[in-house]
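Chemist: Dock chain B against chain G, hints included.
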Amino acid sequence: MAEPLLQTRGISKSFGALKASDDISLDLRAGEIHALIGPNGAGKSTLIKQIAGNMRPDSGTVHFLGQDVTALDTVARARLGLGRTFQISALAMEFTVLQNAVLGALGARGDVMRFFRPVMKDRALLERAHEALERVGLQDHAATRTAELSHGQRRQLEVAVALTLKPRAFLMDEPMAGLGAGGSKRLTGFLDGLRAEAPILLVEHDMDAVFALADRISVLVYGQVIATGTAAEIRANPDVRRAYLGEEDAA
Amino acid sequence: MTRETYINAGLTFVLVLVPFWAWSTGQAYILTLCTKVAILALAGVGLNIALGLGGLVSFGHAAFFGIGGYAMGILASHAQTFDPIMEWPILIEGTKSMPVIWLVAMVTSSLAALLIGALSLRTSGVYFIMITLAFGQMLYYFTIGWPAYGGEDGLSIYVRNSFPGLNTLVPVQFLVLAYVILGLALLFSARLARAPFGLALTAARQNADRVETVGIAPYRLRLVAFVISGAITGLAGALFADLNRFISPTMFSWHTSGEIMIFVILGGVGRLYGPVAGAALFILLEHLLGGVSEYWKIFLGALLLAVVLFARGGLIGTLAGREVAHG
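As they're listed, the protein sequences go chains G and B.
Numbering-wise (my numbering), the first sequence opens with residue 24 and increments by one.
Numbering-wise (my numbering), the second sequence opens with residue 93 and increments by one.
Misleading hints may appear alongside valid ones.
Selected chain G positions facing chain B (in silico; Cβ < 8 Å) [claimed, not checked]:
{"no.": "1", "residue": "98"}
{"no.": "2", "residue": "102"}
{"no.": "3", "residue": "107"}
{"no.": "4", "residue": "114"}
{"no.": "5", "residue": "126"}
{"no.": "6", "residue": "138"}
{"no.": "7", "residue": "140"}
{"no.": "8", "residue": "141"}
Over the 10 Å line for every Cβ pair with chain B, so calculated as not near, a few chain G residues [what the hints assert, rightly or not]:
{"no.": "9", "residue": "52"}
{"no.": "10", "residue": "84"}
{"no.": "11", "residue": "164"}
{"no.": "12", "residue": "230"}
Since the hints were derived computationally from the structure, they do not count as laboratory data.
Bear in mind the structure is a predicted one, so any value in this text is a computation, not a measurement.
Think of the CB as a built atom: it goes at the ideal place given N, C-alpha and C, for glycine as much as any other residue.
Next up, chain G with everything else stripped away, as it sits in the complex (with noise of 0.2 Å):
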């Protein structure tokens, strides 16, 4: 197997006696996606913060490309190729659909500190901008304030951003989440494509969504990864039943 893409090493993180990543182990390979699940409370966002690089965990690194990258910050990793959509949706929401898209071609090509040409005519970013936008079907609304997006087009939005960067690796968090079944099977289809082109480590609630997709499910419950296999695997272990899948069925 080859050298995965991105890696936790035993990752650790407390807040006082709440242990919220306890000894984590994950990765992510090239071609995959990788689900993670979890009851709420579990240590997901927790975990997320960690790998993008919000918040540094009190043990264990981060590895990224081959690279250790648990001292670098956000910017650091975004700029090494990961790419991030949010669970509430981080958009600059007066500009317009394009400039969301803009901006994060500009970042992709990294020079910022430019102060006298319009950006807005710049051929290259452009391009790259409406690409992602038609990827994930929002050219028509390039021209639409972002503010005005309906919840889903706005999730649609995260995830060209992060196209225009063109990362090597996803790091996405509930992509589904608020979107209705119609919203939500339209971007199963296309998270399914994408994973050709860089793996996506998806933390996601949506349960038909997650086991259509996952390559590999991790299961976390109270900070410990509790279990990591295939959706026939997860759907078959008795812990997982009892942690998770049980209070589902319950709920």
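Modeler: Showing chain B alone in chain G's frame:
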């Protein structure tokens, strides 16, 4: 052309027409008022880059305004007494040349902005406001206790500084100079807002996470914006000192920071012409209401309250409607 462009053009027209009328009818006082509007607007254009584009609520821009003013005062006072500023290790003499003074004012105020920004931009929100305020006040009290340049009483410069080819003592010539500089600053500010830097800076104001996630560090953007902002406000300070031929610690006081902020808020935060409209309105009110009552700032306060409560976009925003995202 958007509605805002027409409003800006209209405002420009009025601001050119008024001095033209004053000049042809020989009303030097009006010319001086217009010059003051242009200079204060310039200070606002500087602040608007930090506040409007970057969302950085600096309550310490008086620091840069004052540094610009004192750069002028120090250079010109040494020149008028023929007493060099320093003789060792290199000889530095005073000067009465505006271009040199402006350069010194911009360089010193941008260095100050770099230092103040590097420290204060590590905080945000109320802390940022307080730290910038503290820096401004620090310089205020420093100049009060600095007897070499007048201390609390300030310092008069007897003759206005010179600009090659112009007689700056003629009000209309100095006015044209101030207008041209304001025009250039507006042009620069408009380009900046539309440039890659402007896009990233305004995005960082709206959502810092978004900017970080595309691999751009908000801190660097904000620091550069703060330095540019400080340099422009510093230039305004040098011009303001030259307009009054007087400098005093008041230039550094928090009242000055507040007034510059009022120009921006009255006119419209983040709007290109916001500071121009704000400064013009401020001077107009000062002139009209100041004649009615010594306490005219009560009315100003009421107006500011109305703008903040009911007309967030300020004068320009209310007239032009919601900002049209530039394409």
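Chemist: Does each hint hold? Answer for all of them.
Modeler: Status of each hint after checking the structure:
{"no.": "1", "hint": "98", "verdict": "holds (5 Å)"}
{"no.": "2", "hint": "102", "verdict": "holds (4 Å)"}
{"no.": "3", "hint": "107", "verdict": "holds (5 Å)"}
{"no.": "4", "hint": "114", "verdict": "holds (6 Å)"}
{"no.": "5", "hint": "126", "verdict": "holds (5 Å)"}
{"no.": "6", "hint": "138", "verdict": "holds (5 Å)"}
{"no.": "7", "hint": "140", "verdict": "holds (6 Å)"}
{"no.": "8", "hint": "141", "verdict": "holds (4 Å)"}
{"no.": "9", "hint": "52", "verdict": "holds (23 Å)"}
{"no.": "10", "hint": "84", "verdict": "holds (21 Å)"}
{"no.": "11", "hint": "164", "verdict": "holds (13 Å)"}
{"no.": "12", "hint": "230", "verdict": "holds (27 Å)"}
The structure meets every hint from the earlier list without exception.
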